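Starting from the structure of chain L, add chain H where the hints point.
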Amino acid sequence: MLLIFSRKILEALLTLGLATSILFILIRLAPGDPVAIMIGQSSDVASSNTERYEQKLLELRSEFGLNQTIFQQYFIWMKQLILFDLGDSIHTGRSVMTEIADRLPATILLSVAALFIQIVLGILLGVLSALKFGRFFDHLTRFLCVLFASTPGFVIGLVLLSTFAVTFSTYEINTEAKLSRLWLPALTLGMIGAPQWIRTIRANMLTEFGQPYISSAVSRGLKYRRIVEHAFKNTLLPIVTMTGLSLTTLISGAVVIESIFSWPGIGKYALDSILLKDYPVIQGYALLMIALVIVIHLVIEIVYSFIDPRIHRKGEENVKKDY
Amino acid sequence: MHATTNMLFEVKDLEVTYLQGDQREPVLKDVSFYMEQNETVALLGQSGSGKSTLAKAMTGMLPHSARVTSGSLTIGTEQVANLTDTSTPWQRIRGRRIAMLYQDPRQALNPLMKIKDNFRELLQDHQLASSRDYLQISEQWLYALNFQDAKRVLECYPFQLSGGMCQRVCLALALCLKPSVLIADEPTSALDIVNQREVLDVLKTVQKQYGLTLLMITHDLAVANSIGDRVLILNKGKIVEEGNTKKVFSKPQDSYTKQLLSARSLLSESPQRKSVSFQSKQKLLEIKGLEKQFQQKQVLTNIDLTLHRHEIMGILGQSGCGKSTLARCVMGLETINSGQMMYKGTDLSKLNNKKRRAMSKHIQLVFQEARGSLHPGRTALQIVMEPLHYLHLGNRKERQSLAEAFLKEVGISSDMHARKPPQLSTGQCQRIAIARALVLRPEVLICDEAVSALDMHVQAQILKLLQQLHQKFEFAILMISHDIRVLRSFCHTIAVIDQGRFCEVRPANALEKESKNAYTKKLFHSALEMEKGLSL
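Those protein sequence lines, which keep their order, are chains L and H.
Counting from 1, one number per residue, gives the positions in the first sequence under our numbering.
Counting from 324, one number per residue, gives the positions in the second sequence under our numbering.
One chain only, chain L, in its complex shape (with noise of 0.2 angstroms):
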């Protein structure tokens, strides 16, 4: 067991390097200079002669350091990152650490109360819309799940926004990231993913339904209760790896609702940094969520095999002996 989970450990942290790696050179591939950028957006130098401009332009380059090749900036992003230290954002100068240690938790807290939301959601109407097949609620559930999976997520924002907070005024505009003001874009994020949760699970439950077990355990007469139990726990697996792999969504991809909302998250951040090519804020938030996917899906794994006994029992000697 301790060998799998060293294993596991090694394999994650080859892939993070790996990832980042690509990611660092990618980054510094794609056209566009951040001091360019920078200089540009500061008025008294961009209006000046051109000497003075590539003067700039250099001294700049080179108090980044990038100046130096690909493989040196490689070096010296390696070294700090073994100091645990992200450098420090080209535009604000702030330490990126801090940058994303304040907003990453507003992000962390959106997409977990999100998730929520499209997991009660997703059983809730899923499991009833499977034992309601071809009923009236399981129509109107799945033009339900149609109509929300193709409105733009922003739509869905913008309606919630101006409904609650303009004609209601029950939702206070401003950037705080407080839980009075979570429940708002938790729901619309909710809703954008709920549909994808909902058709999951009725297509799961249809699906273990038809399994001899299920056949079995009627004919012996179980309670209806009991014998949804037992297709619902055979769904589960599939509604685990369907967690992690929303919540990295989630983290990753809840920029535009956070903007509608004015949600100080890590989204918007990025977003920015990569419009003003700030590579040190680029690679600090590639490098956190490749590493919290990572987690996530061993994280999976994990509660994959406490949940399917074949997983975790597979080693074990075979037993299969009476006689």
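Hints were generated in silico from the structure; no laboratory data involved.
You can take every hint at face value.
Rough simulated footprint, nothing fancy, chain H against chain L, three-plus residues with beta-carbon under 8 angstroms:
1) 208-214
2) 217-223
3) 227-235
4) 296-310
Here are the simulated BS3-like cross-link-like pairs (lysine-lysine), alpha carbons at most 30 angstroms apart as the crow flies:
5) H/K379 x L/K223
6) L/K233 x H/K439
7) H/K379 x L/K132
Since we're looking at a predicted model, the values are computed, not measured.
For glycine and all other residues, C-beta sits at the position ideal for the given N, C-alpha and C.
Leaving out everything else, chain H in the frame of chain L:
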């Protein structure tokens, strides 16, 4: 029907239709039968005859597309259900009065539940035990069903038990509600001969012990013969013959029954019986000291095997003994850990992918799951043309004409060339799979349980076809099966494999008499016990 004093269970005038397209197709027509107390009745029919529909109708478990147009069910003196009535309180009948056993015991248990939890919810739902004493009751039932280690079994998940053990667990679950009728729907067809024997023995014992009335649904004459007091023959939704098992099997009246029996005797004919020496013929496949492990588990140990030109060799063993792994190793679908696999002097295990692929022209495999081994979206003709296409043999026209010729060879008429696997019967699918294997004119054909999933008469047809093709094209066959009957009638040589080792290799006609191996004897004993009384 013949109402007798002991009559316990009666189905009257049962008619069931299925919705197919816009029309309602009758599946069961005017089915009436009775069972006496303590009696075992075998319901015999081929796939598609309506056996399982009958079982489902008797427990109110028909799918939505089915409709019962008439029929009633009586247990004892009480008519428990008017089968056309959808408001029948089945929950009180299922389990309590009529219990069911299913075909694949491993799939009949929730894979994520321990055995003890199955007992707990069952006993609690039927208010037969509390959460405190259910363990004790479950243990007693497991002991009653020959489990020696009931405590450990209760803590197991289904995947940790063998098929036979799972079926006994299912039986214990069925019996602990003390039903008066037990319907067993092909309870042994997913098991190999030794497990089959084990389950049938247990069924017989508990039937006597608990005074059960047992309806044994099966497609296997041997099973019906070994267990049934009476037999009902079901053909196309109608009971065509019924009566004492021995009488029906020795003097069949109906033409369909006769057909079933003749299909079986065809299997037991022994055209290969005469001893043929292959020593002088060319060695096609020569395996020496083959070893295969999965993770730490040894699956195949020191396998030595020589297959000569035109020889038919059988590999006999229980499920899980490594038969299929051997086939997969030869085909290059698994890599071997050590040993040699020579095909005409070339070591198969040392070939690179490209050469390996070219080798598939010489060695071909036919799988057990005929339908599953064919692409569901391709037509019969496309399927047979595919291997020619992959190996770049001939142009399109030549491929097509060759494929057509081979489809004709396996008895698939030209009007079926455009059909896809879902539109074909299992037997037809297996014929196409054979055509696909033979179209490359291989010198070795490996059949991995190629007839095990088929009905008896289709089995006989396919074996006959293989024999004809073997005569005509002179390839060698490696026939993997758990069915002694099939191998005995079909092969020249039989190799018996137990837990990944060859116990013995002998000519097919001498195996039964000359074998001194305990395992071989056990296999023969299990098989022959069931055939006793079948006039073959």
